[in-house]
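Engineer: Sequence:
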Amino acid sequence: DPDIVLYNLQFASFGGTKAAASLGLTTPWLTRLADYPSMVLLHNIMETVDLQNAGYAANRAMESAMRLAGTTVTRVLLNADLVALTIPKYVEILHAKYNTKNVLLAPHGSFEDNAPMPNFELPPGPRQVMTFGKFGTYKRVEMMLDALRLLESDGYDDLEMVVAGSDSPNARG
Numbered sequence: 028d029p030d031i032v033l034y035n036l037q038f039a040s041f042g043g044t045k046a047a048a049s050l051g052l053t054t055p056w057l058t059r060l061a062d063y064p065s066m067v068l069l070h071n072i073m074e075t076v077d078l079q080n081a082g083y084a085a086n087r088a089m090e091s092a093m094r095l096a097g098t099t100v101t102r103v104l105l106n107a108d109l110v111a112l113t114i115p116k117y118v119e120i121l122h123a124k125y126n127t128k129n130v131l132l133a134p135h136g137s138f139e140d141n142a143p144m145p146n147f148e149l150p151p152g153p154r155q156v157m158t159f160g161k162f163g164t165y166k167r168v169e170m171m172l173d174a175l176r177l178l179e180s181d182g183y184d185d186l187e188m189v190v191a192g193s194d195s196p197n198a199r200g
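When the letters of the sequence shown are read in order and numbered with my numbering, they come out as residues 28 to 200.
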């Protein structure tokens, strides 16, 4: 038996439709019901998402329905043994709204003592400007292209843009 089953999740982890994503997010709870300890590392919470701007809700009625669904899915996720968040404000929001006892902060970063200093010399070749994520709603490549053009107009002529990721489940990027 596993010591713990760790789920590294965001709300869109389990598919391109709202139903598939919601059903997939029940997995940590189902794991716990099967008597395996479960932990969720949650990267976003519904309470902080601008649903209309992100393409999830076209009007207020749809936004209200999505908020209700988001609250329900969050309550299901909170049935995991532990829920870790990487942003302190998210921990505060879940404690306040859901009166949680199993939510903790797990900040990103390296906490190694006496870590060696990195080499700051630029490697040969063009400088790379990178963006990554799920593109198509509020995250668009066009803004990155505009920024690259601004840098080039300021005299940076050795730039290369790198785009990594995929389409948003709500809109092609």
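Some clues are possibly wrong.
Stated by the list, open to error - In the EDC-like style, the derived pairs of lysine to aspartate or glutamate whose C-alpha atoms are separated by at most 20 Å in a straight line are:
hint	residue 1	residue 2
1	K116	E74
2	K128	D173
3	K128	D108
4	K161	D108
5	K124	E90
6	K116	D77
7	K166	D194
8	K124	D77
9	K128	E74
10	K45	D184
11	K161	E179
12	K124	D194
13	K124	D108
14	K124	D184
15	K161	D30
16	K45	E90
17	K166	D140
18	K166	D108
What the hints assert, rightly or not - Computed Cβ-Cβ distance ranges for the label pairs, DEER-style:
hint	residue 1	residue 2	range
19	K124	G42	20 to 30 Å
20	G136	Q37	40 to 50 Å
21	A88	P150	19 to 29 Å
22	T127	A61	21 to 31 Å
23	E187	K128	17 to 27 Å
24	Q79	Q37	33 to 43 Å
25	S193	T113	14 to 24 Å
26	N129	P150	41 to 51 Å
27	A46	P150	22 to 32 Å
28	T99	K161	35 to 45 Å
FYI, nobody ran anything at the bench for these hints, they're computed from the structure. Glycine included, each C-beta is placed from N, C-alpha and C at the ideal position.
Engineer: Now look at each hint and say whether the structure bears it out.
Structural biologist: Results of checking the hints against the structure:
1. Only pairs whose Cα atoms come within 20 Å are accepted, and K116 paired with E74 is accepted, the gap being roughly 11 Å.
2. In summary, the hint linking K128 to D173 is not supported, as the alpha carbons are separated by about 45 Å, beyond the 20 Å threshold.
3. Proximity of K128 to D108 is assessed by CA-CA distance (about 10 Å); at most 20 Å being required, the pair is judged to hold.
4. Restraint check for K161 and D108: the C-alpha separation of about 29 Å exceeds 20 Å, so the hint is violated.
5. For the given pair, K124 sits about 18 Å from E90 by alpha-carbon distance, which is consistent with the 20 Å threshold.
6. Of the supplied pair hints, the one linking K116 and D77 holds, its CA atoms being roughly 16 Å apart against a limit of 20 Å.
7. Distance restraint check for K166 and D194: the Cα-Cα separation of roughly 10 Å lies within the 20 Å cut-off, and the hinted pair is therefore satisfied.
8. About 18 Å separates the Cα atoms of K124 and D77, which keeps this hinted pair within 20 Å; it holds.
9. Annotation: proposed proximity of K128 to E74 holds, straight-line Cα distance about 18 Å (limit 20 Å).
10. As the CA atoms of K45 and D184 are separated by approximately 43 Å, the hinted pair breaks the 20 Å bound.
11. A C-alpha spacing of about 26 Å is found between K161 and E179, which places the hinted pair above 20 Å, so the restraint is violated.
12. Taken as a hint, the K124 and D194 pair is broken in the structure, with Cα atoms around 31 Å apart against an allowance of 20 Å.
13. Only pairs whose Cα atoms come within 20 Å are accepted, and K124 paired with D108 is accepted, the gap being roughly 18 Å.
14. Annotation: proposed proximity of K124 to D184 is violated, straight-line Cα distance about 50 Å (limit 20 Å).
15. Our distance criterion of 20 Å between C-alpha atoms is broken by K161 and D30, whose separation comes to about 32 Å.
16. Proximity of K45 to E90 is assessed by CA-CA distance (about 13 Å); at most 20 Å being required, the pair is judged to hold.
17. Annotation: proposed proximity of K166 to D140 is violated, straight-line Cα distance about 36 Å (limit 20 Å).
18. A distance of roughly 33 Å separates the Cα atoms of K166 and D108; the hinted pair therefore is violated under the 20 Å criterion.
19. In this structure the hint that K124 and G42 lie 20 to 30 Å apart at CB holds, the actual value being about 26 Å.
20. Look at G136 against Q37: about 19 Å separates their beta carbons, and that is not inside 40 to 50 Å.
21. Evaluation of the 19 to 29 Å hint for A88 and P150 yields a failure: the beta carbon distance comes to about 53 Å.
22. Checked against the given bound of 21 to 31 Å, the beta carbons of T127 and A61, roughly 22 Å apart, stay inside it.
23. Evaluation of the 17 to 27 Å hint for E187 and K128 yields a failure: the beta carbon distance comes to about 48 Å.
24. For the pair Q79 and Q37, the supplied restraint of 33 to 43 Å is violated, since their beta-carbon distance comes to about 19 Å.
25. The given range of 14 to 24 Å is respected by S193 and T113, whose C-beta atoms sit roughly 21 Å from each other.
26. A hinted range of 41 to 51 Å for the beta carbons of N129 and P150 is consistent with their spacing of about 44 Å.
27. For the pair A46 and P150, the supplied restraint of 22 to 32 Å is violated, since their beta-carbon distance comes to about 46 Å.
28. Our hint of 35 to 45 Å for T99 and K161 is violated, since their Cβ atoms are close to 23 Å apart.
Comparing the model with each numbered hint stated earlier shows that hints 2, 4, 10, 11, 12, 14, 15, 17, 18, 20, 21, 23, 24, 27, 28 do not hold.
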